[in-house]
Amino acid sequence: MAKGYLSYTMALILQALDNGYKYGLEVMTVTGLASGTVYPALRRLEDAGYVDSKWERQSIAQAEQRPARKYYEVTEEGRDALAEARKRFRLLDHLEQPAPKLKPARGKG
Amino acid sequence: MRQRGRKALARPWLWLVRLIGVIVPCRLRADWRQEWEADLQYREALLAEWDKLDRRGKLDLLWHSLGAFVDALWLQPRRLEDEMFQDLRFGLRMLLKDKAFTAVAVLTLSLGIGANTAIFSVVNAVLLRPLPFKSPQQLVWLEESADVSVNGPVPGPHFLEWGEQSRTLESLAGYNVEETTMTGAGEPEWLQCGVVTASFFPTLGAQFALGRNFLAAEDRPGGARVAVISYKLWQRRFNSDPNVIGRAITLNDQSHAIIGVLPPEFRFIQPLDLWTPMALDSQQERGNQRITLINVIARLKTGVSREQAQTELADILQRYEGAKPKNVMSFAGNRARVIPLHQQLVGDTRRLLFILFGAVGLILLIACANVANLMMARAAARGPEMAIRAALGAGRVRLMRQTLTESLLLAAVGGLCGLLLAYGLTKTIVSLNSAGALGQISNMARIGIDSSVLLFTLLVSLLTGVVFGLFPSLQTSRPDLNASLKEGGRGGGFHRGRARQSLMIAEVAMTITLLVGAGLLVRSFVNLFRVNPGFRAENVLTARLSLPYPRYEKGEDRLRFMRELLPRLAALPGVESVGAINHPPLTEFNFFGWPRVEGRQSAAIDREPATPIGQVTPDYFRAIGIPLLSGRYFNEGDNADAPRVLLLNEVLARKLFPGEDAVGKRVNPFGANKDYATVVGVIGDVRHSGLDQAVTPQVYIPYLQNGGGLITLVFHTQVDPLGLANAVRQQTLAVDPNLPVYEVMTMEQRLSDSVSSRRFNLLLLGAFALLALTLAAVGVYGVISYAVTRRTHEIGVRMALGARAADVLRLFVRQGMSLVAVGASIGLLVALALTRVMKSLLFGVSATDPLTFAGVASLLALVALAACYLPARRATKVDPMTALRHE
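Sequences listed follow chains C and X, in order. The first sequence begins at 1 in our numbering and counts up by one. The second sequence begins at 1 in our numbering and counts up by one.
Isolated chain C, as found in the complex:
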């Protein structure tokens, strides 16, 4: 992916991460994009240095009785790119903030 120019999909995913949705499924749910779009996009964003990823600690996952998750986080560079993209895609502003309806799932497991 060429640096400095984000497609709308990429910007949308980046915005979702920036809004606090931290892993693949959350991003998919909130953006409505297919898994086959989101994961490759995440890899490319990571290649471009716009997001960092790290695995959740095994102990947390075990405590919640589910597989460990890979969390993505927007980098400084990613934030700059996002700011630039927002100027072009005004619609991004309407992406919802983390909604409570997803939260309980994590709590119960």
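For the record, the hints were derived by calculation from the structure and aren't laboratory data. It is possible that part of the hints are untrue.
[Said to hold, decoys possible] 25 Å max Cα-Cα, derived DMTMM-like pairs, lysine to aspartate or glutamate: (1) X:K554 - X:E564; (2) X:K58 - C:E64; (3) X:K52 - C:E64; (4) C:K22 - X:E37; (5) C:K70 - X:E49; (6) C:K22 - C:E56; (7) C:K70 - X:E37; (8) C:K22 - X:E49; (9) X:K427 - X:E265; (10) C:K22 - C:D80; (11) C:K22 - X:D60; (12) C:K54 - X:E44; (13) X:K839 - X:D753; (14) X:K232 - X:E218; (15) C:K54 - X:D31; (16) C:K70 - X:D60; (17) C:K87 - C:D47; (18) C:K22 - X:D31; (19) X:K134 - X:D450; (20) X:K134 - X:E307; (21) C:K22 - X:E44; (22) C:K70 - X:D849; (23) C:K54 - X:E37; (24) C:K70 - X:E44.
[Said to hold, decoys possible] Covered stretches of chain C (chain X as the covering partner; in silico rule of three or more C-beta atoms under 8 Å from a C-beta of chain X): (25) 36 to 48; (26) 71 to 83.
Ideal Cβ positions, reconstructed from N, Cα and C, are used throughout, including at glycine.
Assemble the complex: chain C is given as a structure, and chain X must be docked to it using the hints.
Positioned in the frame of chain C, the structure of chain X alone reads:
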């Protein structure tokens, strides 16, 4: 765990992800699987929580798991990246390890690719790139093919008719070249002047750097005298003065106003210094008082085909010629021809370029064969390595890719070096072409390395890499594990040897084809210099003058000038004799007539070709060394007051008076059946138009009885001819300070220039043939040398059993030479078929000249013998004891 496992069976999406994971590069696989499994399990958990894990939910999960496939596909380039990188690094290491091999391979490839790139840069500039004019595909060249008059240029009246009546042409323009003298500021200068119609620049779509084009009113008889100058002249004579427009210059003693300066990139057929309007006189042209022959270009209207235009122009000609009064010169047999401008300018260059391109193509193939041979030898040496890698689990494709990567790497380095080489070679070709060996178009085509040439080099390098890499990579990828590991490094068998031998045979065949081509050119060149030119070239200086017309319009003015100048020149130290003529050998004829013999009825003038008439001063023949065969030369007494006399050359004397003595007969050289002059002598024939041209009939008349304004001075000197150049200039300026002396050169230079295009062909093809020979020698050496190494053990056995050194030597030389013989026979047969295309480049030798074929074959045999002998001798030096231990 057991429970989870059972659960997994019912969850096909998880299996799917695991399955898809197989195509994810190993390095990323674990990570990837974990993330996807987490995703899908979480999704599943959510659905279960919402009590929605029904059939639709499951389908949804399956659908989502398919996303993993897309994701895995996206990761594919990384696998390639990684392994490719590995291959590259490994390849580089292997190439650096074997420096000698790499150096030879890169050198071979760069020679092949360099030669191809250089020739392609010429082909690209000359044949592929469009002409540097506006919509060049609409530009055409108009000419007339004629039964009677000169084939080519268009007579003035036809040009005028076409211009007035044509509906298929958007515009029509005339273009002639004249020589003119510029005087005024500084030393007088002789310039090449384009004489063009006002439509000329607009037809080509030329823009002006300064000023404007000619007006229609300036392109009429009696119009204002104006001139457009070239960018070069503007820089040189006017110091790039931005206010040059409107300044006056003196051309042939007449003042002209500068109205425009052309941009530096404007070029047409030849480099010209300035342009003046043609100002055709319609009445004179149509009234048979004066007929100008014009080179014509035109622009077709959009949508009009060449054939349509040709039909229309022919119709116009027919109507015009049919309605013409009887007393006006007829061109009724002429047919109009419309030729695309590009095709006309390229002319014969196309054939030459195809030959050169074919030659470099062969060189590239030879280079490929050589490198493939080297690679196979190396592959044989690396057999055990490959076997071990295969045994450790490397797949066939993986091994092939490794070898191919190495060959592509070699090709890339070779291509880069080749590009550097091509840069130099292209420069050399351009400077060799200075005499125009590449034809008219080479003045307009900028030969150099541009983006399409770079693309070509890239493609050729890639292709080369694949071609020479494929052979060895196919072989190495199929190692016979058992044999290779057991044989312990000796490698190779009959099968592998045969592939290498076929490559060598092909190489020899291609080389001999090239050598035959070059050999034929060498023979032509030698033949050319065996031709007796009919004049002396050593110690002869020539210098041209052109007496401007208004000032020298009267014959007596010209005579006075010559009478004053010649004694001054004759008195110069070092001058043996000096004479003058209007057209010396190896220049264009500029004065013609139709000799008429007294008392004979001859055909109409326009039914036979014109005979050139030389106007000479008495000492001309002595100065240039044309022998007298009978009668006498001219002398000072043959002047305007004396009876008219003339000389014939031998060919003409025989043609006009077969079996008779021409001396004393009476002939009118100009074409009238009156005012006959007496033939006073017959002189030797001269190859006027070049050593490879037939002798033309010629008449000579005394300058003192009828001298024109175009003069070439000819000096026979006792000293270095060029040392006299300055003195000649000074003496001429002393007689007329406004008269430039130009084209001061020796006859040897003129002779050398006249064969320059043959020399160009010879040098290029000769160089390519030598290159091929060298490469082939390296190839033969490589094959035999490899065979010797491989059979060291066998040699040991033979020698231990009593074979002498000579026997071993014979064994290898015989093996090598029998292969060479096969290759040479094939090559000679191919050459027999191919040299036919060279016919037009040859002189005095047939395209199937047996001497050349035999000579080339023996040259190749000699070189191949040396290439076999060297490694074979190494075989004789083998110590039987060491060899027997050699495993």
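Hint numbers not upheld by this structure, sorted from lowest to highest: 22 and 26
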